[in-house]
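If you're matching them up, the sequences are chains S and B in order.
Whatever position you read off the first sequence (first residue = 1), add 191 for this note's numbering.
Whatever position you read off the second sequence (first residue = 1), add 114 for this note's numbering.
Source of the hints: derived by calculation from the structure; they are not laboratory data.
Note that this is a predicted model, so its numbers are computed, not measured.
Take the hints with a grain of salt, since some may be wrong.
Stated by the list, open to error - Computed footprint of chain S on chain B, listed as stretches where at least three residues anywhere in the stretch have a Cβ under 8 Å from a Cβ of chain S:
hint: 1; segment: 119-128
hint: 2; segment: 169-181
hint: 3; segment: 197-204
All C-beta atoms, glycine included, are put in the ideal place defined by N, C-alpha and C.
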Amino acid sequence: MSRKVSDLLTKGIIYLATGITLSVLLFIVGFIFIKGIGLVNWDFLTRDFNEKVVYAFIESNDVSLSLDEETLNGKMPFDKRYETHLEGPIYIENIGAAIAKVAYKNHSTEREQVVITYIEKDSPFDSAKDSTGKNITIGTDYILQSINGTDFSGMTLAEVAETISAESGELKIKIVQPGGGIKSNIITTLYMVLLSLLVALPLGIFGAIYLTEYAKPGRLVNMIRFAAECLAGIPSIIFGLFGMAFFVVALNFQISLISGSLTVAIILLPVIIRSTEEALKTVPMAFREGSLALGATKLQTIFKVVLPCAVPGIATAVLLSIGRVVGESAALLLTAGTVAQIPGTLFSPGSTLTVQAYYVAKEEGNIELACAIGIVIIVIVIVLNILSRITSDKLDVFNKK
Amino acid sequence: MDANIKFNTKNLNLFYGDFQALKAINMEIREKEVTAFIGPSGCGKSTFLRCLNRMNDLIDSVKINGEIIFDGQDINGTIDVINLRTRVGMVFQKPNPFPMSIYDNIAYGPKCQGLKDKNQLDTLVKESLMKAALWEEVKDRLNKSALGLSGGQQQRLCIARTIAMNPEVILMDEPTSALDPIATAKIEDLMSSLKKDYTIIIVTHSMQQAGRISDKTAFFLMGEVIEFNETPIIFTNPQDKRTEDYITGRFG
Ligand SMILES: Nc1ncnc2c1ncn2[C@@H]1O[C@H](COP(=O)(O)OP(=O)(O)O)[C@@H](O)[C@H]1O
Ligand SMILES: [Mg+2]
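Starting from the given sequences, assemble the full structure and let the hints guide the process.
Here you go:
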């Protein structure tokens, strides 16, 4: 009887624990998605994070509107969360575009702005150039601030429309490219993944080869293994501090892509060494013997027979590493910085998605934006997961029959 | 010195740490003969075989003293181990084809020696497979993984792989113990046909097999060679009581 009760109780606890774990997981992912999904769209992924002011030069040219009024009114491509519609839209023929007045909320400040809501086919904007004569793209949601020196601030939308219509010939328009996108963060993240793997993967694989194939078991090997285990357990902020002191300051790499990726590479090393070691250990001794018995050297045996067998294991290491880089924040905050820009060189700073999420949540209090970045991170991790699984299956020498 | 002697061991002792696995072995193995090693399991047959191409180098605890003379050279002395292994091939108890294509398995050894020419490799692969009586079965699937072959085919592939190195000696450690009778018969046929070109040394768990294929047989017991003689003599007229007990199945 009492055994029945205790069995039942244990079972209940097991189910409860599973239930709690699952619901917490679902809750977190659900929360992130619900909070952030409203912001995730193509513009969000492809725009720069910061607004950019540019002067656009266009040749005014009357283009008539091809839409009826209702359709035009319906063209409000901007994001409702950020912009409150105030007036318009009004179509202006000499620039071939419709404009509207909105309260444009950029991060924490709220400003009234004139924005483009629709660009007609063959509009002069299609051939807009910047001051150096280079073509620039102008799209909906871009902010118009002045034309040929006349500033729009304080004007009603009708007055703005009148001002624009009155101009002719070459127009010099001050335009603000909208920000709020995470293109640079996505690219920085990819750079960071590639660079850190480029450094850590060969080092880790050669280290693992040394440990499993060359080192005589004993003190030294145990010490190296112990060091690697310890390294794996140290919180990444410590590596960040080291990276800052060593790469950023001592080697004078500055807060940059290279400082960040070298720091992360150190964080990755233990994971890569350990997974590769495990993978190498599972390669049957019979393959090594078979190869050596054919007069192959040890190095040939390792590179032609043993390593190819270990590829699935190494792919797992790569997968774990990617997750680690994408998820890393503390160390990168200190070594690669929080500048939302595409790093032009190895020595330029850049912020990864995770750092950016931290930054907008902490510094700008914008939880929605942070969650939207979170969604992108989750999707990237899932996609990379699937990709590396497919490649590791493809490369698995034991799969091919 | 007799020019027909391929291997000559003199007072060979082998230790795994403190455990002596081979005790004062003196044996002359002749060229282009099949020599079989029989004996109860754990008596040192594999250990001795693995001395002949220095596979025991892989085991750290192994200490060897005594001499193993191969074609007049001490294999633990000046000889290059890579060179030794190209001349003394080995086929293992469990078929161990590499997880690569059939073609690549055969081409592996020659490629490691630096052979790159595609035509030469093609010919070599074909010849080796023909000698191993496997060509007809695999000629249409050379680029398929060797792991898709049956156990017997895999073992013949391993033999073909060894033949591709054009060795002088082929060591075989119970090559049929993992195979069914039909596959075993094929491998035994193969050995008889290889005999004219190669010196074959085979460890076997089956006395019938030794009787069928070998010219000479050595009976091992607890690290010692009790008796080494012409196979018919070992099986019909053994000189030692222990050999007789073993071959008549009266052995504990
Ligand atoms: N790597 C090893 N380390 C220690 N002892 C070993 C090792 N390999 C074999 N032995 C021992 O050496 C003896 C001979 O083994 P082996 O040559 O494999 O015998 P056989 O092939 O005749 O069955 C056995 O007692 C075995 O336990
Ligand atoms: Mg054995």
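So, going through the hints one by one against the coordinates:
1. 119-128: violated (count 0)
2. 169-181: holds (count 3)
3. 197-204: holds (count 5)
Checked against the numbered hints given earlier, this structure breaks only hint 1.
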